[in-house]
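Whole structure, please, built from the sequences with the hints as guidance.
Protein chains in written order, with my numbering: chain U, 1 to 141; chain X, 1 to 141; chain E, 1 to 141; chain V, 1 to 141.
Derived from the structure by calculation, the hints contain no laboratory data. Computed from a predicted model, the values in this text were never measured in an experiment. Check before you lean on any hint, since a few could be wrong.
Copies of one chain are not kept apart here, so a pair can be met inside one copy or by any two copies together.
Claimed, not checked - Below are the DSS-like pairs computed for lysine-lysine, each with C-alpha atoms no more than 30 Å apart in a straight line: (1) Lys85 with Lys116; (2) Lys63 with Lys85; (3) Lys63 with Lys116; (4) Lys63 with Lys115; (5) Lys128 with Lys46.
In case you want the letters, here they are:
Number of protein chains: 4
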Amino acid sequence: MMQKFCLPIRVYVEDTDAGGIVYYANYLKYIERARTELIRTFGFDKPALFGSLQFVVHSVSIKYLQSAVLDDEIIATAEIIRVTKTSFMVAQSVLRNNELLIDAEVKVVCISHDKKTPCAIPINMLKKLQGGIVNIKRASS
Amino acid sequence: MMQKFCLPIRVYVEDTDAGGIVYYANYLKYIERARTELIRTFGFDKPALFGSLQFVVHSVSIKYLQSAVLDDEIIATAEIIRVTKTSFMVAQSVLRNNELLIDAEVKVVCISHDKKTPCAIPINMLKKLQGGIVNIKRASS
Amino acid sequence: MMQKFCLPIRVYVEDTDAGGIVYYANYLKYIERARTELIRTFGFDKPALFGSLQFVVHSVSIKYLQSAVLDDEIIATAEIIRVTKTSFMVAQSVLRNNELLIDAEVKVVCISHDKKTPCAIPINMLKKLQGGIVNIKRASS
Amino acid sequence: MMQKFCLPIRVYVEDTDAGGIVYYANYLKYIERARTELIRTFGFDKPALFGSLQFVVHSVSIKYLQSAVLDDEIIATAEIIRVTKTSFMVAQSVLRNNELLIDAEVKVVCISHDKKTPCAIPINMLKKLQGGIVNIKRASS
Chain U
1 MMQKFCLPIR VYVEDTDAGG IVYYANYLKY IERARTELIR TFGFDKPALF GSLQFVVHSV
61 SIKYLQSAVL DDEIIATAEI IRVTKTSFMV AQSVLRNNEL LIDAEVKVVC ISHDKKTPCA
121 IPINMLKKLQ GGIVNIKRAS S
Chain X
1 MMQKFCLPIR VYVEDTDAGG IVYYANYLKY IERARTELIR TFGFDKPALF GSLQFVVHSV
61 SIKYLQSAVL DDEIIATAEI IRVTKTSFMV AQSVLRNNEL LIDAEVKVVC ISHDKKTPCA
121 IPINMLKKLQ GGIVNIKRAS S
Chain E
1 MMQKFCLPIR VYVEDTDAGG IVYYANYLKY IERARTELIR TFGFDKPALF GSLQFVVHSV
61 SIKYLQSAVL DDEIIATAEI IRVTKTSFMV AQSVLRNNEL LIDAEVKVVC ISHDKKTPCA
121 IPINMLKKLQ GGIVNIKRAS S
Chain V
1 MMQKFCLPIR VYVEDTDAGG IVYYANYLKY IERARTELIR TFGFDKPALF GSLQFVVHSV
61 SIKYLQSAVL DDEIIATAEI IRVTKTSFMV AQSVLRNNEL LIDAEVKVVC ISHDKKTPCA
121 IPINMLKKLQ GGIVNIKRAS S
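This is the structure we're talking about:
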């Protein structure tokens with residue numbers, strides 16, 4: 001079964017704002033780090049760029065439940081929940097201990113570097129992405 | 001009639017990433033600038049902080065349609081579309097000329113600075129927020 | 001005479017940190033915006049990239065005297081104080097009203113995009129950069 | 001002997017710019033992470049805030065020698081080289097393998113949270129900071 005990928009992160013001053021909490025846009029940095037490291041576990045060393053292809057974020061839906069603060073040790077998670085020929089959907093969260101801070105879904109699409117139009121995800125990567133889904137389904141059945 | 005609030009923004013190197021485009025989290029900075037300036041037009045000089053109250057983002061839904069690039073002149077827009085006693089919803093976008101780059105909805109809630117629980121929006125601000133809605137309805141009827 | 005170039009900037013939540021002040025790295029963003037706009041006044045529309053050349057920062061020396069805070073209206077300045085065939089030095093500051101917040105010197109070098117080695121600054125730009133210096137000298141004599 | 005403190009860091013998309021390299025201001029984030037973790041090794045859990053005191057950066061001098069790029073594994077270092085009653089100086093660098101990318105000196109001052117004037121560093125922290133210096137001197141003699 002594919003595990004939910006977990007990346008430990010420390011909150012530094014750079015991440016916070018004058019409200020004394022992590023700035024709302026910075027959670028998008030945290031969850032991208034988790035996506036990147038998840039894809040690195042698939043054996044892709046340069047996750048963001050594949051020759052003539054590029055993976056870009058198509059949409060994000062994020063709920064802010066609790067705030068992380070300076071010096072917190074948090075966990076950013078990434079779990080692939082849907083895969084198409086040209087895109088995949090990632091369920092993501094940020095946790096402090098077992099408390100859910102934010103909850104998000106991110107759709108990533110594969111586009112050509114030149115024309116910026118949707119492209120087929122390379123087959124070796126597609127298999128890795130689909131592998132996660134199939135196993136999750138089996139595990140939950 | 002309340003106009004859709006428009007804030008001109010220049011894209012600088014700080015905003016871009018190695019993909020040659022504006023980094024996806026940075027659009028959340030752009031649209032917050034537009035929300036802040038919209039609220040400033042209501043006569044609130046320190047939009048983020050009102051004594052014991054604080055306005056925090058509850059949720060964001062954002063679609064990335066086209067990418068802004070270095071040196072672009074873009075417009076971030078903000079339009080209040082729903083108001084409750086403790087929250088308001090803002091429709092937002094980023095445009096380059098007349099091309100829609102991103103499209104978003106942001107829910108902002110009023111919380112107490114101490115207890116971090118939802119609080120009634122101060123009445124003078126609530127009226128300003130509601131004024132926008134009423135006028136939009138009239139304008140579109 | 002070449003004026004000290006001045007760029008008005010508003011401080012937003014994105015710029016601040018949990019100390020309630022502008023995060024120290026963000027002043028480097030402010031002063032780069034001023035350098036960029038100064039070079040744009042020379043008639044260069046894409047200041048950071050010139051075909052096969054690239055302008056990169058070689059060194060920064062910065063003193064933090066006072067802190068900018070949320071919602072401040074500040075001014076970032078840029079003034080070219082020395083030019084060589086491959087580099088130029090910019091005196092920079094950030095001011096709030098007439099109060100000096102930071103004071104910096106930034107050395108920018110022209111490198112080839114491919115080899116990352118120092119390159120001659122294109123002659124049309126070199127003249128513009130030198131023009132500023134000459135005029136300043138005249139003005140102060 | 002006090003070791004030069006070393007913090008491993010991964011370069012993510014958030015750190016890069018359209019030039020394909022790490023944005024110059026972001027090295028200030030990396031070296032602050034190293035300073036923070038160094039002070040945490042002294043037993044201070046909330047390095048940035050000590051009740052009524054605050055540590056702020058007084059000045060930075062930084063040289064950019066080589067650029068880090070996306071997905072690099074780099075090391076940020078911090079070494080205390082001078083301590084006074086109200087301030088300390090940190091020699092810092094960022095390395096990729098054994099290659100020096102940036103070299104910096106950062107002066108940090110202790111100020112009162114209220115009055116923003118220089119304050120004596122708390123004695124328990126001062127001893128830790130001085131401990132590093134003394135030992136370095138011994139080691140190099």
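Hints, verified against the model:
{"no.": "1", "hint": "Lys85 with Lys116", "in the structure": "within (16 Å within a copy, 38 Å between copies)"}
{"no.": "2", "hint": "Lys63 with Lys85", "in the structure": "both (28 Å within a copy, 20 Å between copies)"}
{"no.": "3", "hint": "Lys63 with Lys116", "in the structure": "both (29 Å within a copy, 16 Å between copies)"}
{"no.": "4", "hint": "Lys63 with Lys115", "in the structure": "between (33 Å within a copy, 19 Å between copies)"}
{"no.": "5", "hint": "Lys128 with Lys46", "in the structure": "within (15 Å within a copy, 40 Å between copies)"}
In summary, this structure violates none of the numbered hints.
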